[in-house]
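Visitor: Since the structure of chain A is provided, determine the placement of chain B on it from the hints.
Read top to bottom, the protein sequences are chains A and B.
Numbering of the first sequence is given in my numbering, commencing with residue 6 and proceeding in unit increments.
Numbering of the second sequence is given in my numbering, commencing with residue 6 and proceeding in unit increments.
These aren't lab readings, by the way, just hints derived from the structure by calculation.
Some clues are possibly wrong.
Copies of the same chain are indistinguishable here, so a pair counts whether it falls within one copy or spans any two.
Taking lysine-lysine and the DSBU-like style, the derived pairs with C-alpha atoms no more than 30 Å apart in a straight line are [stated by the list, open to error]: (1) 24 x 235; (2) 38 x 168; (3) 193 x 144; (4) 325 x 24; (5) 38 x 267; (6) 38 x 223; (7) 144 x 77; (8) 24 x 168; (9) 325 x 38; (10) 309 x 325; (11) 144 x 218; (12) 327 x 24; (13) 77 x 201.
Nothing here was measured: the structure is a model prediction, and the numbers come from that model.
2 protein chains.
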Amino acid sequence: MENQLRTEITTLGEFGLIKHLTENIQLQNPSSKLGVGDDAAVIQYDEGMQTIVTSDMLVEGIHFDLMYVPLKHLGYKSVVVNLSDIYAMNGTPRQIIVSVAISNRFSVEAMDDLYEGIYAACKRYGVDLIGGDTSSSNKGLIISVTALGEAREERIVKRSGAKENELLCVSGDLGSAFLGLQLLEREKRIYLENPKIQPNLEGQSYIVGRQLKPEARKDIIELFQTLELKPTSMIDVSDGLSSEILHLCDQSQTGCRLYEEKIPIAEEARAMAFQFNLDPTTCALNGGEDYELLFTIDQSDYEKVKNNPDISVIGNMTSKEKGAVLITRSNNIYPLTAQGWNAFRNN
Amino acid sequence: MENQLRTEITTLGEFGLIKHLTENIQLQNPSSKLGVGDDAAVIQYDEGMQTIVTSDMLVEGIHFDLMYVPLKHLGYKSVVVNLSDIYAMNGTPRQIIVSVAISNRFSVEAMDDLYEGIYAACKRYGVDLIGGDTSSSNKGLIISVTALGEAREERIVKRSGAKENELLCVSGDLGSAFLGLQLLEREKRIYLENPKIQPNLEGQSYIVGRQLKPEARKDIIELFQTLELKPTSMIDVSDGLSSEILHLCDQSQTGCRLYEEKIPIAEEARAMAFQFNLDPTTCALNGGEDYELLFTIDQSDYEKVKNNPDISVIGNMTSKEKGAVLITRSNNIYPLTAQGWNAFRNN
Numbered sequence: 006m007e008n009q010l011r012t013e014i015t016t017l018g019e020f021g022l023i024k025h026l027t028e029n030i031q032l033q034n035p036s037s038k039l040g041v042g043d044d045a046a047v048i049q050y051d052e053g054m055q056t057i058v059t060s061d062m063l064v065e066g067i068h069f070d071l072m073y074v075p076l077k078h079l080g081y082k083s084v085v086v087n088l089s090d091i092y093a094m095n096g097t098p099r100q101i102i103v104s105v106a107i108s109n110r111f112s113v114e115a116m117d118d119l120y121e122g123i124y125a126a127c128k129r130y131g132v133d134l135i136g137g138d139t140s141s142s143n144k145g146l147i148i149s150v151t152a153l154g155e156a157r158e159e160r161i162v163k164r165s166g167a168k169e170n171e172l173l174c175v176s177g178d179l180g181s182a183f184l185g186l187q188l189l190e191r192e193k194r195i196y197l198e199n200p201k202i203q204p205n206l207e208g209q210s211y212i213v214g215r216q217l218k219p220e221a222r223k224d225i226i227e228l229f230q231t232l233e234l235k236p237t238s239m240i241d242v243s244d245g246l247s248s249e250i251l252h253l254c255d256q257s258q259t260g261c262r263l264y265e266e267k268i269p270i271a272e273e274a275r276a277m278a279f280q281f282n283l284d285p286t287t288c289a290l291n292g293g294e295d296y297e298l299l300f301t302i303d304q305s306d307y308e309k310v311k312n313n314p315d316i317s318v319i320g321n322m323t324s325k326e327k328g329a330v331l332i333t334r335s336n337n338i339y340p341l342t343a344q345g346w347n348a349f350r351n352n
Numbered sequence: 006m007e008n009q010l011r012t013e014i015t016t017l018g019e020f021g022l023i024k025h026l027t028e029n030i031q032l033q034n035p036s037s038k039l040g041v042g043d044d045a046a047v048i049q050y051d052e053g054m055q056t057i058v059t060s061d062m063l064v065e066g067i068h069f070d071l072m073y074v075p076l077k078h079l080g081y082k083s084v085v086v087n088l089s090d091i092y093a094m095n096g097t098p099r100q101i102i103v104s105v106a107i108s109n110r111f112s113v114e115a116m117d118d119l120y121e122g123i124y125a126a127c128k129r130y131g132v133d134l135i136g137g138d139t140s141s142s143n144k145g146l147i148i149s150v151t152a153l154g155e156a157r158e159e160r161i162v163k164r165s166g167a168k169e170n171e172l173l174c175v176s177g178d179l180g181s182a183f184l185g186l187q188l189l190e191r192e193k194r195i196y197l198e199n200p201k202i203q204p205n206l207e208g209q210s211y212i213v214g215r216q217l218k219p220e221a222r223k224d225i226i227e228l229f230q231t232l233e234l235k236p237t238s239m240i241d242v243s244d245g246l247s248s249e250i251l252h253l254c255d256q257s258q259t260g261c262r263l264y265e266e267k268i269p270i271a272e273e274a275r276a277m278a279f280q281f282n283l284d285p286t287t288c289a290l291n292g293g294e295d296y297e298l299l300f301t302i303d304q305s306d307y308e309k310v311k312n313n314p315d316i317s318v319i320g321n322m323t324s325k326e327k328g329a330v331l332i333t334r335s336n337n338i339y340p341l342t343a344q345g346w347n348a349f350r351n352n
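The shape of chain A in the complex, shown without the other chains (with noise of 0.2 Å):
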């Protein structure tokens, strides 16, 4: 490893590594009336939008494992995993706030990567980071991140909002961040054994980057305006197929039948969950941080999307006493299970 430099965080100071983190800040949204540098930030929007807010915190070891996730990946996927949630309201992403807890084994240089990762997400989706704060922690890193959006009441799209005989649509396809994840697992196992071994991530670019740097479907969003289509019903896939199905089902009071057949799964992904011995139908069930969007049309909207390649129509709503089922290829009915990517992952 090379002699790099290294600027210890104390010679900064507290409001010297905010300043230091947040003075090139350039707003891009005229909602954004103050950002950082005061006790809190404001927005206004038009008359007639709603704000929209969510809020997500990741841990070091919990939820990245900073062996092969690189700082500057890791600042974009906690912004991209909370602008998710606003688009999964069908809702315009505006500001965020990310507040940071770090040990002093990380540097000013590794802040600085983290926050160009965080940067390069503000830029790619047109949102203002408008706040937050820094302190220290005993041990690892703490990221967590707030983002505020808009959306015209009447445009707003909840979990509770499927019907009976609506159709079950995701955007993109399922299992690739996954599999993606077990493999970077796979390799670092391979590198603490023998430091000498190179990770060996060849031909996996799609599901590695699946998981490393995910993208959130503004374009999908901007697509039902062009479509002028409004789901009924929308989440976005962070659990898992499953896990999200049951949520929209819960919250709607239906039941649902999901195809396997229908179940949109990479190539890539298929072929790396047959190395190993893993059923890409259950890594897409169950292993999470898709970020695709899960939601329901009515079936007069099926024109809108039956040839769309980032669109699939994988079930149809039932009644609620019907239940949430899986209808295998081999025309088996299983109950969907809420198994969820943390449970999955410990197995």
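Guide: Frame of chain A; chain B shown alone:
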């Protein structure tokens, strides 16, 4: 210690825990359009209102010590410190979002205690908990709170509005929270040396209360409305009077003369300072965590505050060239320095 009921968090799971912690919420404000249970929360304020948002993270071992901070008080305080930031903008807090990461050493009952404090603060200050998440940590407890509030644009008070010749005022008294902390830490050391000795906090309920269960100055903001008084600049005292004065001066491009004899210090705090061989003024200047409001007003508004026991005029603003200085009782002049609470604490 009694054999208390302990329910492992694993028996509820993440979603079960969130439901358990939030199922009794009753939204208080019409502007809370959608609370816990969807991807994000939705708020809508009246036309002409601006949304104020602020966030703080509290980390075990850094910001609090569970050896002497009851979880209920911690929950209460974690909300109050954020509301204090909204009041410091002359705004009215309306909603909070709380994210918590916990290690498996915490039980459901422990989380209940924490949230009992959170909800007590919500009730006291009329705010709604509208979202958040809980996750695991490898070690310790981390709490991140985001508060949102509203204010008419023309009512918002920034740090940057102070002008030469204006009066510098502060609510309540200063230094007590710091001295309460000193006392709690002394009793902790005594207890660790000999666990048979029970903490002696007798006659110290004021300073201990100021540390463990601070209040935000909602009453002062309401008083401003009653008095038809708008401060020209304002900040809450979280890091210590000295540091906050320097923030006002820096952002307003002014200097300041602070008079030692005018700094409000409670008798109990003064007595404890002498016990610890500390200078009470130094405790007020650098102690922090008082959550009082420091603000400037035009001289023509002096009549409105001069007889109010909750407000002290402690100095006046000068030109930037004159710097921010303390005039001691013996008429010496010292430049104010931003020692800050954390630095002080580590002495």
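Visitor: Tell me, please, which holds for residue 325 and residue 38 at an alpha-carbon limit of 30 Å: within, between, both or neither?
Guide: Result: close only across copies, 26 Å inter versus 46 Å intra.
Visitor: For residue 325 vs residue 24, is the C-alpha pair at or below 30 Å within one copy, between two copies, both, or neither?
Guide: between (53 Å within a copy, 20 Å between copies)
Visitor: Checking residue 144 and residue 218: alpha-carbon separation at most 30 Å within a copy, between copies, both or neither?
Guide: For residue 144 and residue 218, both the intra-copy (25 Å) and inter-copy (27 Å) Cα distances are at most 30 Å.
Visitor: From the Cα coordinates, with 30 Å as the cut-off, is the pair residue 309 and residue 325 best called within, between, both, or neither?
Guide: Cα proximity of residue 309 and residue 325: one copy only (27 Å, versus 63 Å across).
Visitor: Check residue 24 against residue 168 for me: Cα-Cα at most 30 Å, and say if that holds within a copy, between copies, both or neither.
Guide: between (50 Å within a copy, 24 Å between copies)
Visitor: When no copy is specified for residue 144 and residue 77, does a C-alpha distance of 30 Å or less occur within a copy, between copies, both, or neither?
Guide: both (20 Å within a copy, 24 Å between copies)
Visitor: Go through the copies and call it for residue 38 and residue 223: within, between, both or neither, with a Cα cutoff of 30 Å.
Guide: both (24 Å within a copy, 24 Å between copies)
Visitor: If the cutoff is 30 Å on CA atoms, where do residue 24 and residue 235 land: within, between, both or neither? Let me know, please.
Guide: Classified as between: cross-chain Cα gap 28 Å, same-chain 42 Å, threshold 30 Å.
Visitor: Please work out whether the CA atoms of residue 327 and residue 24 approach to 30 Å or closer within one copy, between two copies, in both situations, or in neither?
Guide: Answer is between; shortest inter-copy Cα gap is 24 Å, intra-copy 57 Å.
Visitor: Given a CA cutoff of 30 Å, do residue 193 and residue 144 count as a within-copy pair, a between-copy pair, both, or neither?
Guide: For residue 193 and residue 144, both the intra-copy (21 Å) and inter-copy (23 Å) Cα distances are at most 30 Å.
Visitor: Is it within a copy, between copies, both, or neither that the alpha carbon of residue 77 lies no farther than 30 Å from that of residue 201?
Guide: within (25 Å within a copy, 51 Å between copies)
Visitor: Classify it for me, residue 38 with residue 267: is the Cα-Cα distance of at most 30 Å met within a copy, between copies, both or neither?
Guide: neither (46 Å within a copy, 36 Å between copies)
In summary, the structure is inconsistent with hint 5 from the numbered list given earlier, while agreeing with all the others.
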